[in-house]
Amino acid sequence: MIKDSQLIKLAQLGDSTAFDKLVDKYWDKLFALTTKYCKLEEGKEDIVQETFIQAWQNIKKFQANSTFFFWLSRIGLNLIYEKRRKKKLKTISLDSLPQNCLKDESITTPFEELEIKELKEKLYEFIQHLPREEKIVYRLRMIECLPYRRIIRITGQSKTTAERCFRRANSKVSKFLQEENLLRWPNQIIQVLKEY
Amino acid sequence: MAKSNNTSIERVLTEFLDEFHQGKNPKIKDYLLRYPGKEKQLIRELMAAKAAYLTFHPERDEKENEESLANLLKRLKDLKEDK
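Residue numbers (this note's numbering), protein chains in the order written: chain A, 2 to 197; chain B, 250 to 332.
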């Protein structure tokens, strides 16, 4: 079976048959995602179709630092958001809206859910590969939110040593966050937040 | 108020996370003002700590805040580009 990366490379060279294989592979998965986030009664199939059209038009921009499906899902969620926005503009008078309802969380949630989920998963994975002492202190401090007086009881370290472990782990996380190209997507969120 | 320059980065990180654990939402810019002379070292450390904290505790993310997760990650990217 041909790998996604090979199909993507071929598609980036203009091979539409390779792209068709990606469409076949991901259609159902994308449709399921669209169904989850798209509350509109109609047009889910159109969104999936439009997602693949946009993906084909922009395939050269795809970089292998996220999965192909994650990239597709961002295009799809963008389309859902646009569709909702247009529908709201068509059907709702601003005067009829209660105060603060324009900060409708449901509009930004699909982006954030997926993106924060991916970031969280990558961070968890990254933390797993830290040296044992750093991993333990970092998890207890950052995820479990324990104070050092409890951490040192668990690890048997001095507070200074535990703090050093945490800082070493934190510095590595800082590098990881900068090196990961997770950092293009926030522009999309910021744009959405600015509009509301 | 500016604090002693002898305070280690480790201790500043402790103070910063303690604030989160107490239910507050500490601002990176306040810490940079509080510890003058350590800005370059502190900014990456505090941004990473805050970004990670908000990732693991998204309920604490104030989305319209200039130090929201989205804005922090954008700034971390900018730091990389400034290298």
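To be clear, the hints were calculated from the coordinates, so they are not data collected in a lab. Certain hints may be false.
What the hints assert, rightly or not - With the Cβ distance kept under 7 Å, some of the chain B side facing chain A (calculated, not the full set): (1) Phe265; (2) Arg293; (3) Ala300; (4) Thr304.
Beta carbons: idealized from backbone N, C-alpha and C, even for Gly.
#### Entry: List of violated hint numbers, smallest to largest
1
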